[in-house]
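Enquirer: Here are the chains, one letter per residue:
Number of protein chains: 4
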Amino acid sequence: MSISIPQRKLRYAMVGGGRDAFIGAVHRHAIALDGQAEFVAGALSSTPDKARASGRDLLLADDRNHGDWRSLLADELKRAADQRIDFVAIVTPNHVHYPVAQAFVDAGFHVVCDKPLVHTIAQADALVAAVQRQRTIFGVTYNYTGYPMVRQARAMVRAGEIGEVRKVVVEYNQGWLASHLEGSGNKQADWRTDPARSGAAGAIGDIGSHAENLVATVTGLEIESLCADLTRFVPGRALDDDGSLLLRFQGGARGVLIASQINAGLENDLRLRVSGTLGTLEWRQEQPSQLVHLPHDGPKRIFTRGAPWLHPSAQRASRIPAGHPEGFIEAFANVYGGVMADIRAKLDGSQADPLVADYPHVEDGARGVRFIERTVASAASEAKWTSWAG
Amino acid sequence: MSISIPQRKLRYAMVGGGRDAFIGAVHRHAIALDGQAEFVAGALSSTPDKARASGRDLLLADDRNHGDWRSLLADELKRAADQRIDFVAIVTPNHVHYPVAQAFVDAGFHVVCDKPLVHTIAQADALVAAVQRQRTIFGVTYNYTGYPMVRQARAMVRAGEIGEVRKVVVEYNQGWLASHLEGSGNKQADWRTDPARSGAAGAIGDIGSHAENLVATVTGLEIESLCADLTRFVPGRALDDDGSLLLRFQGGARGVLIASQINAGLENDLRLRVSGTLGTLEWRQEQPSQLVHLPHDGPKRIFTRGAPWLHPSAQRASRIPAGHPEGFIEAFANVYGGVMADIRAKLDGSQADPLVADYPHVEDGARGVRFIERTVASAASEAKWTSWAG
Amino acid sequence: MSISIPQRKLRYAMVGGGRDAFIGAVHRHAIALDGQAEFVAGALSSTPDKARASGRDLLLADDRNHGDWRSLLADELKRAADQRIDFVAIVTPNHVHYPVAQAFVDAGFHVVCDKPLVHTIAQADALVAAVQRQRTIFGVTYNYTGYPMVRQARAMVRAGEIGEVRKVVVEYNQGWLASHLEGSGNKQADWRTDPARSGAAGAIGDIGSHAENLVATVTGLEIESLCADLTRFVPGRALDDDGSLLLRFQGGARGVLIASQINAGLENDLRLRVSGTLGTLEWRQEQPSQLVHLPHDGPKRIFTRGAPWLHPSAQRASRIPAGHPEGFIEAFANVYGGVMADIRAKLDGSQADPLVADYPHVEDGARGVRFIERTVASAASEAKWTSWAG
Amino acid sequence: MSISIPQRKLRYAMVGGGRDAFIGAVHRHAIALDGQAEFVAGALSSTPDKARASGRDLLLADDRNHGDWRSLLADELKRAADQRIDFVAIVTPNHVHYPVAQAFVDAGFHVVCDKPLVHTIAQADALVAAVQRQRTIFGVTYNYTGYPMVRQARAMVRAGEIGEVRKVVVEYNQGWLASHLEGSGNKQADWRTDPARSGAAGAIGDIGSHAENLVATVTGLEIESLCADLTRFVPGRALDDDGSLLLRFQGGARGVLIASQINAGLENDLRLRVSGTLGTLEWRQEQPSQLVHLPHDGPKRIFTRGAPWLHPSAQRASRIPAGHPEGFIEAFANVYGGVMADIRAKLDGSQADPLVADYPHVEDGARGVRFIERTVASAASEAKWTSWAG
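Protein chains in written order, with the numbering used here: chain S, 1 to 390; chain W, 391 to 780; chain U, 781 to 1170; chain H, 1171 to 1560.
Do not take every clue at face value.
Claimed, not checked - Straight-line C-alpha distance at most 25 angstroms; calculated SDA-like pairs for lysine to any residue:
id, chain 1, residue 1, chain 2, residue 2
1, U, K1164, H, R1418
2, W, K399, U, L838
3, U, K830, U, F802
4, W, K774, S, S381
5, S, K187, H, A1477
6, H, K1554, H, T1290
7, S, K384, W, G780
8, W, K440, W, D580
9, W, K577, W, R627
10, H, K1179, S, D62
11, W, K774, S, Q250
12, S, K187, W, G688
13, W, K399, U, A833
14, H, K1516, H, P1482
15, W, K468, W, F412
16, W, K736, W, A519
17, H, K1179, S, R11
18, W, K399, U, K1164
Derived by calculation from the structure, the hints in this document are not laboratory data.
Please read all numbers here as calculations on a predicted model, not as lab measurements.
Isolated chain S, as found in the complex (with noise of 0.2 angstroms):
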């Protein structure tokens, strides 16, 4: 990813992500890896010790190290604007996402929010709403559209290389929650499938989110109704830990989201198949630097992360040379890298390079929300078709 040279680095704070918790980690090796961002003050975690603690591991300095986000936030609007913190990274299980969000956006801060954004469609309505009343950046980690190919197969769909799409098939499978991990001292297990902490959904909402948005992303289509089958496998699960839906778009076309993580042995295999009138694409996260074209009228072909004929934005999306692999971190980082890009340009007064300023917004983080909602929904109901508007 082509850098524009910073005048300084901007500041950031995290709430959430201390000891024990996994994806805040994530963040915080995704924002250091460009060298763009330092990490100044945070609210680790809802135990004050523990926040404490954690960041005293992270080196943040006592006055910025909180035992509570309000106590952050309080000190941050205390701060001068050449001290203050150009972002929040709310990376908390979801339950906490909505109070912080909504707090720092009315105090008018920039904010990184994990997914699903929110518990429910009033809150996400709430939530856009003062993003657009207050005008701040609002950025949701859907981390899997940072990467190169995912950005080169929006770019293949949208400018009409597979034709009108028909056939959407997405799935997210995993194994990790195939026997009953929760109670057991895994946290991530133990909140993931806590209805009050996950929201309304498990498997849905944690990763069946990311299938939606990813479908949402590369193909532009909306859903116009949705049938699905929810399943909770593990004995004494209180969350839905395999889901699997019909879906029917928008204009006509057709899919079917999958999302379990009870798959037994299997990692982190989110895929994606879209067939148009002219040919497929495939693309498979655990394969990341790969997109598969299949023309109708010629041979299969693969792109790769770092060629020159890739769509500039995927070409933006990339750091080193092709043939050199790239990961999660460096997707993770390029969605930072857009929400930076646009924060660096409120600054300046300037507008943003729309390839790099190129990340998912609050909007999408409530499409999410809907997609859980409608989805649970449609679990409950006896009829076929349960429609997206609600």
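Starting from the structure of chain S, add chains W, U and H where the hints point.
Expert: Chains W, U and H in isolation, oriented as in the chain S frame:
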């Protein structure tokens, strides 16, 4: 495949499979491969002149080269036992399967019939009853069951090596009908998209039925209810060219079945994934010699055809050493080899080796007909779930 | 493969290939596949009793089931033209190739002989001279040349699609001789590691010769000099089980050839990579239906068997549609199909279609013998480069 | 990678790596990734103006942004301990490595230097002696050793899991120098094909040295003698762009090493295959998270990064869960992480965890220099074998 020593070659006739046909030649290659049977009689087309011209191409003797299947049947009934065919292979378009199969079974002949077996559940039931009454051998060429690694998958699932099955995803995607081929001189496209000849379903009948059979073969699971969305994407097409189904199996497993002939650029992408409590199996027809096993507690394993550690049923389905690829015709030949083993045993009054006499029976064919009928019913229904029983 | 309509089936005899043999059965399957020839006579072992027992297994008539190849030859010469064989297939251990081939050619018979053709350059020269003198058809079963995608590679290289060839890397690695199998009842291991039967080389003769032939077939390059390192890894083994060579081709291209039978765990991993000024081609025998083309100026392309955009020589080498895997036997059958096309043309006084009559000739076999002899010479030499001419 | 909690960030300077450079940015990303060190000083180009402009791009303070490495060194020596750099990263073209590295080591600084280490064995010996005398930490960025699955391969080979090693095949193929890029404004091509800057070898020095290091790292084998063929394919090129070597290792193992930059269409195809008496391991840099193990007595196994059953040295080299791809930068960061662990231990007077302090040392760099020198000698020799000792 270790072939038992034949006393003599078996004799067979073919109905259908003349000039312009596709699958008839495959059947003949498959039967020829092991040198166990000779092609002695036929009625190779529904057009008498074309039937006879096709028979001459294939060196049939004039007196056994018929213009019509009824003439073939009548002639065979008049022949002495040491000249009469041992079995008939029915490789016509679907609508001809039933009358021919019924007539030959009623006359006491052994039959191999292509799939889908017949057009209606009523026909299927009648045929099953006739076979049981006549005690004839009846094989259905769900040819994908002949692949050694499908047999290995079946053996592993049945032995509990992936634990209790929870989720099954089967897809059969092709691209050859992505445009309106019918009516342009492509005989295969013509009859397969014509309800009068193909039956009540298009893609679901032609290839979805293979997918259903593969799931049943490997897992032994029985469908309890299903929810189907069938689509005709190509303007002017009379039958579905795309279908997606949610499946619920007896005992609680869940599944997804996708069959589509409009995935432009895809060739013959039949693939199966079965996840159980202890691991996952994956198989793809386009790389048929590999079976991927993902255990929950160790590295991914790739079983390959020809290895001495395979289940005997997989070993016996193989002719040449590991690393020397076998393909579609060899798998097809295994189905025929199974039928012929049963025929030889019947001739000898012996018992066939069950590792060889391993092929889909008339009951499997009947189950496939039910699958098609219930899928079409579900697609027409507003109810979410359509029961298998009907 | 589009088969020209036969007037009658050809008749063939086999020398070697009885019980305990491996490759004889492959030859019979390959010949049977297309139903173009019938197996009518044989001398299936050097042990007369075993020869006759093997012939009975395979339903040979008693008067054509010989205990000795000389008896077979004498008998055939006495038969009327409408009974006599059209060709003989020689599938014995290597040391028997020469006397049998020479005798049958001298007697005017068409021959198919396994590789390596003979033991010495002198024998090879004599045989080439005899074939030219007798104007008989003589095919050598370098069977890998029968794969459609090898023919596609040849067509692309010859058409300049990868520019001028610079670098060739060919490997043929197996693992089955990683331990001391010989002397333990494995007939294949016994004769292949015995200099008296196998010839001057082990792995280099058995599989290195296939690698040499593949390079010559695809590229047309001629070796100018070579530098070989041959090793006997398994204690007590009498011949090399591993070899690596540097190659210099006329015109300046460079190459590496590796042949090894001690790569424990590998099956039949023959692979070729050819790089030219404009791109690279890669082919692997274990995935024979794919040819990978890496152009210097665009995305990787994967050609697959059966596609309409393949070169006609590749299309004609295929029996069934794309996505329906063909394998080793089908490729082998293409070599036989080529020989039989030439035999039929000779019978008819016509010209065979060169797209079908495409198979390795006696001269290719002779070149392979030279390859083995020069490689062994290089391995014994202190000089870096050993000339091809000798 | 489980990072020990730092008391403070380390400070580092960089020599080379300014505008137009490629690898400098990779080093900076790799160091930044884990947030363990900050970039505080530099002499980023041999052209003073470009050096300072590059430093300003990267936000270096003016007083630590030098036009010349001697100025950097002099300045650091004057600084107080709590400001002075903890290490210097040397990322210049090859010819500058030696004087800079020698000067910083002589001054007592810890060093990370790119490969190949220096131009001559004499320089290498002098540097090794200096490091041993000064007891400084010295890492060489043979970055491919930082991949978790390379460490897994090393652990498996060293533990005897493939038995005694017999055959090693390593290839490093690229295509970017297939045409005459040098002299056309491509700085990378310019210096890498210039003997004065690149050294005595082209492809062999630039990427062949990585291949040699990979073999040594994974197997521990020592080369006894080698036989090289080096070629300059592109007209006008001053150094080899292609090389192939036969290798003989102490103890009897054999090998082939191929390094080529004219394989048009290839990207960065470094691959290793090691066969032992009990099985084979295969690894490809372009799919770095997989290690293929082919045991002689069971199905192929694919180990993947992040699995709990990996060797601790592989587990520790990983930051995020299995299935979330890590790549080139992460591997590079592991090398830096190892160096930094040793530096921290030195600062603390403690012992670094050997699972973290795992990186190529100055002696590995020196062995690489010998490899290049002996390869060039062999290429110029008529003798088949050139001894490693010289």
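Enquirer: All hints are to be evaluated individually against the structure, with a verdict given for each.
Expert: Okay, the hints, checked on the actual structure:
With a CA separation close to 15 angstroms, the supplied pair U:K1164 and H:R1418 stays within the 25 angstroms bound. Distance hint between W:K399 and U:L838 is fulfilled; the C-alpha atoms sit about 10 angstroms from each other, no more than 25 angstroms. Restraint check: the Cα-Cα separation between U:K830 and U:F802 comes to about 15 angstroms, which is no more than 25 angstroms; the hinted pair holds. Proposed proximity of W:K774 and S:S381 is supported: the alpha carbons are some 8 angstroms apart, at most 25 angstroms.
With a CA separation close to 19 angstroms, the supplied pair S:K187 and H:A1477 stays within the 25 angstroms bound. The straight-line distance between the Cα atoms of H:K1554 and H:T1290 is roughly 23 angstroms, inside the 25 angstroms bound, and the hint therefore holds. Our distance criterion of 25 angstroms between C-alpha atoms is met by S:K384 and W:G780, whose separation comes to about 17 angstroms. Taking the CA atoms of W:K440 and W:D580, the gap is about 18 angstroms. The hint holds against a cut of 25 angstroms.
Restraint check for W:K577 and W:R627: satisfied, since their Cα atoms lie roughly 15 angstroms apart, inside the 25 angstroms limit. Of the pairs offered as hints, the one joining H:K1179 and S:D62 holds, with about 16 angstroms between alpha carbons and a cut-off of 25 angstroms not exceeded. Of the supplied pair hints, the one linking W:K774 and S:Q250 holds, its CA atoms being roughly 20 angstroms apart against a limit of 25 angstroms. Restraint check for S:K187 and W:G688: the C-alpha separation of about 23 angstroms stays at or below 25 angstroms, so the hint holds.
With a C-alpha separation of about 18 angstroms, the suggested pair W:K399 and U:A833 falls inside the 25 angstroms cut-off, and the hint holds. Pair hint H:K1516 plus H:P1482 holds up; C-alpha atoms about 23 angstroms apart against a cutoff of 25 angstroms. With a C-alpha separation of about 31 angstroms, the suggested pairing of W:K468 with W:F412 is violated against the 25 angstroms cut-off. Distance restraint check for W:K736 and W:A519: the Cα-Cα separation of roughly 20 angstroms lies within the 25 angstroms cut-off, and the hinted pair is therefore satisfied.
At most 25 angstroms may separate the alpha-carbon atoms for a hinted pair to count; H:K1179 and S:R11 meet this at roughly 17 angstroms. A threshold of 25 angstroms between alpha carbons decides the hint, and for W:K399 with U:K1164 the separation of about 58 angstroms lies outside it, so the pair is violated.
Checked against the numbered hints listed earlier, the structure breaks hints 15, 18; every other hint is satisfied.
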